[in-house]
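K.L.:
So you can see what is in the structure, the chains are spelled out below.
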Amino acid sequence: MSAPAVARRVVASAPVVALAGALLLTTLVMVVVGVDPTLAYPALVRGALFDGNLEYTIAAFVPTLGMALAFALPLRAGEFNLGGDGQLALGGVTAAAVALLAPLPPGVAVVLPLVLGAVAGGVVAVVAAPLSTRLGIPAIVSTLLISAPAVSLASYLVRFPLAEPNTGIAQTPPLPEAAHLPALGGSGYLTIGLPLVAVLTALWLYADGRTVLGYEIRATGQNREFARYGGVRVGRVAALALAGGGAFAGLAGALIVLGPPHRFVDGALTAPGYTFTAVAAVLLAGARPVVVPLTVALLTFLQVGGQGMEREAGVPSQLTQIVQGLIIVIVAVLATLRARRAR
Amino acid sequence: MYAAELVGVTKRFGPVLANDGIDLAVARGEVHAVVGENGAGKSTLMSILYGLHRPDAGEVRRDGNRIVLRSPTDAIRHGLGMVHQRFRLFPGLTVAENIVIGAEPVRRGRLDRAAANEAVAALSERYGLRADPSALVGGLPVGVRQRVEILRALYRHAEVLILDEPTAVLTPGETDRLFEVLRTVAATGVSILLVTHKLSEVLAVGDRVTVLRQGRVTGRFTASETDADELVNAMIGRSLTPPAPRRARVPEGEPLLEVRDLTVRDADGVARLSGISFAVRPGEIVGLAGVAGSGQRELVDSVTGLRGAVPGVFLAGTPVLAGRDPRVAYVPEDRHGRATAPGMSVAENVLMGAQRDLASRGGLPRAKVRARARDLVDRFSISAASVDVPIGALSGGNAQKAVLARELTRSSQVVVAEEPTQGVDVGVRERVHDLLRTARDEGAAILLQSSELSELRDLADRILVLYEGRVVAEFPGDATETELGRAMVGATG
Ligand SMILES: Nc1ncnc2c1ncn2[C@@H]1O[C@H](COP(=O)(O)OP(=O)(O)OP(=O)(O)O)[C@@H](O)[C@H]1O
Ligand SMILES: [Mg+2]
Numbered sequence: 001m002s003a004p005a006v007a008r009r010v011v012a013s014a015p016v017v018a019l020a021g022a023l024l025l026t027t028l029v030m031v032v033v034g035v036d037p038t039l040a041y042p043a044l045v046r047g048a049l050f051d052g053n054l055e056y057t058i059a060a061f062v063p064t065l066g067m068a069l070a071f072a073l074p075l076r077a078g079e080f081n082l083g084g085d086g087q088l089a090l091g092g093v094t095a096a097a098v099a100l101l102a103p104l105p106p107g108v109a110v111v112l113p114l115v116l117g118a119v120a121g122g123v124v125a126v127v128a129a130p131l132s133t134r135l136g137i138p139a140i141v142s143t144l145l146i147s148a149p150a151v152s153l154a155s156y157l158v159r160f161p162l163a164e165p166n167t168g169i170a171q172t173p174p175l176p177e178a179a180h181l182p183a184l185g186g187s188g189y190l191t192i193g194l195p196l197v198a199v200l201t202a203l204w205l206y207a208d209g210r211t212v213l214g215y216e217i218r219a220t221g222q223n224r225e226f227a228r229y230g231g232v233r234v235g236r237v238a239a240l241a242l243a244g245g246g247a248f249a250g251l252a253g254a255l256i257v258l259g260p261p262h263r264f265v266d267g268a269l270t271a272p273g274y275t276f277t278a279v280a281a282v283l284l285a286g287a288r289p290v291v292v293p294l295t296v297a298l299l300t301f302l303q304v305g306g307q308g309m310e311r312e313a314g315v316p317s318q319l320t321q322i323v324q325g326l327i328i329v330i331v332a333v334l335a336t337l338r339a340r341r342a343r
Numbered sequence: 001m002y003a004a005e006l007v008g009v010t011k012r013f014g015p016v017l018a019n020d021g022i023d024l025a026v027a028r029g030e031v032h033a034v035v036g037e038n039g040a041g042k043s044t045l046m047s048i049l050y051g052l053h054r055p056d057a058g059e060v061r062r063d064g065n066r067i068v069l070r071s072p073t074d075a076i077r078h079g080l081g082m083v084h085q086r087f088r089l090f091p092g093l094t095v096a097e098n099i100v101i102g103a104e105p106v107r108r109g110r111l112d113r114a115a116a117n118e119a120v121a122a123l124s125e126r127y128g129l130r131a132d133p134s135a136l137v138g139g140l141p142v143g144v145r146q147r148v149e150i151l152r153a154l155y156r157h158a159e160v161l162i163l164d165e166p167t168a169v170l171t172p173g174e175t176d177r178l179f180e181v182l183r184t185v186a187a188t189g190v191s192i193l194l195v196t197h198k199l200s201e202v203l204a205v206g207d208r209v210t211v212l213r214q215g216r217v218t219g220r221f222t223a224s225e226t227d228a229d230e231l232v233n234a235m236i237g238r239s240l241t242p243p244a245p246r247r248a249r250v251p252e253g254e255p256l257l258e259v260r261d262l263t264v265r266d267a268d269g270v271a272r273l274s275g276i277s278f279a280v281r282p283g284e285i286v287g288l289a290g291v292a293g294s295g296q297r298e299l300v301d302s303v304t305g306l307r308g309a310v311p312g313v314f315l316a317g318t319p320v321l322a323g324r325d326p327r328v329a330y331v332p333e334d335r336h337g338r339a340t341a342p343g344m345s346v347a348e349n350v351l352m353g354a355q356r357d358l359a360s361r362g363g364l365p366r367a368k369v370r371a372r373a374r375d376l377v378d379r380f381s382i383s384a385a386s387v388d389v390p391i392g393a394l395s396g397g398n399a400q401k402a403v404l405a406r407e408l409t410r411s412s413q414v415v416v417a418e419e420p421t422q423g424v425d426v427g428v429r430e431r432v433h434d435l436l437r438t439a440r441d442e443g444a445a446i447l448l449q450s451s452e453l454s455e456l457r458d459l460a461d462r463i464l465v466l467y468e469g470r471v472v473a474e475f476p477g478d479a480t481e482t483e484l485g486r487a488m489v490g491a492t493g
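One line per chain: the protein sequences are A and B, in this order. In terms of the numbering used here, the first sequence is numbered consecutively and its last residue is 343. In terms of the numbering used here, the second sequence is numbered consecutively and its last residue is 493.
Just so you know, the hints here were simulated from the structure itself, not pulled from any lab data. Being a predicted model, the structure only gives us computed values, none of them experimental. Every residue gets a Cβ at the ideal spot worked out from N, C-alpha and C, and that includes glycine. Only true hints are included.
Here are some of the chain B residues that sit facing chain A, going by a computed Cβ distance under 8 Å:
no., residue
1, Gly323
2, Met344
3, Gly353
Quick look at which bits of chain A chain B covers, simulated, 3 or more residues with Cβ under 8 Å:
no., segment
4, 206–213
5, 223–229
Please model the complete structure; the sequences and the hints are all you need to start from.
P.N.:
Below is the structure:
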């Protein structure tokens, strides 16, 4: 393909069109509600990238990417994991509990909470597998249904057994120093969480495209009967994909808790809406897993920048949620149109 | 004036020129056959007439007027109907619901089920296409699903009916009945376009024949004035070599596949197979005949392990393994539902089953996967732009060749083939038969299920007839079609 042809393809691709469309509509909304876009957008960029905000954007990027993998991995096997919040919260609370209750030698004090947090997330997610194979309840429903009680359980744990005594605030005591994620920068927001998640993403991309397991997961997602016919144990593969997704979510929760402010604060994991942003990013990336880190970066940028916009230009940060919602709608519309136009 | 005309139609898919300036005209009440090699462009042309593809050049006319078809909805509005090579039915809906969908009888704002069932029953009565209106489509055998597709088009008053390889999945009895239907329908003034690879059918039911080759028309014939040889020549540019004369052979050795007193029940406890026993020895092809839904599916699923470790199935003397027994090569009839994942590449489709052999420590090198696929594509002369295109973009016959390539190159001693030549052109059919004979000569035990009796007669050493879940008769390979046909409908003696 020639260079202009490639350029044309990229410009006309779903993510670009969706993003452009969403920004256009958002601009329209701004104009309608009387916000000056020429003030709002620079504020957005500053809020995400400059004035020392970049570090904060990266800190938000890490859990969002983790949650994107939590959704994307099961999706490759044809399973919709919408229970990210529950897996995230239980992963976080598990990590906090381990760090608080077991005095551990340095190193292990960080690794063990991370690992057990991932395990907890995986366990919460994998419950959906037997529900789907035995009872025929699709994962898209069961993961979502399990999520709410899982979030509540985390909330209960942090309010009572793990609560910081005598404060009345729904949070754990600060975690011991040994359990803090090693920082990469001065402020402590930039931790080894970033390289860790980056490496795991690379591993996932490699596994997806170039391993037997990745192939079997994709075959299961593309045509379950074909995979079964080919000798793939589809039930196990789907369960594994769900568990893997849940583990990413649990790990994301653990990373948040072991990072600043180094404690589990009730609601702090689910309130920023990592799960929803992640789902939007994965849908925006379409069937191209390599693009997922990019779309996550983009949406995190919008999300964090939106808060800057709110501070500076007085634009409600809900506007960036609207952008995300619009992106999902436009992606869906484009997918339908493309299916029709492909002839 | 013609009922439907395609004038100078050209259609490209990337580098592939699927249709290259094709002219085709169908008169009112005519049965017009369209034949040609795999990938010749038949389905593409039919899809253009049905509004599924837009031509790059050329036009479509109905009753002499130019029409522009943006979608099948447009086509239906212009009185065009189509039965696809891949069925487009909703498995979760009933037969009647599938037929009336889009034009439902409505009562107080809701689907009038009774009226729908009645209309469908009347329709199937009139054309002799039997189908239970209230049955769920998902549970129906392929043959019945096709009837539903035809009924759907007729329900919408199609005046031009397009059938893309309708007989690929039918038994001879069903095919005969379909042809009666087509003649009846044509007699009412409906024009019929029939795509098929079976030249005997063309000569039996067609009025005129158009031959395509590499996207162009290479011959136009009147059915009564031509013969199979002439058609084959126009299709592939050479004549077929007559099959080698049948050798009387007595296969010996321990059976590679043995079924002993196999009984299979469905979820409701109804017996789908009762007390089946037979054996296939090395170097033997055993044919399996029967009308659709006589227990073939259950038997094949039991033999391949897909039904689990059912008692009574033995491969080389040991019980069948659950899941998919790797000792069995299996060519399924349901090409898009089971045999392939249409969205995955050709390379990844032909990989299935061999992924663990190709892997080193769990890693699956892409270069190896693609090299292996390229080798299979060459050896089986599959025409595909590359091994990276989705297998769903291949023509029907080429996708079938890919399935055969994958299964026949497994080092399995037992081969189960369902309709192995469905949708492949006459030249490829010859090659597939050669491949099966070669496998047999090399000592494979082959169970061949085919709805084409001539195929069974050409290949099988013995033919078992299934009827309502039992083996009701066993014939030598040279049994007459009459004998087989009688046994298939349960007529004993
Ligand atoms: N959607 C598509 N995308 C890309 N290529 C396509 C598509 N549909 C068809 N082709 C290509 O166009 C050519 C003609 O295909 P078509 O399906 O019309 O053949 P056919 O005559 O129906 O063959 P068969 O007898 O095997 O069904 C083939 O080379 C095929 O690979
Ligand atoms: Mg075709």
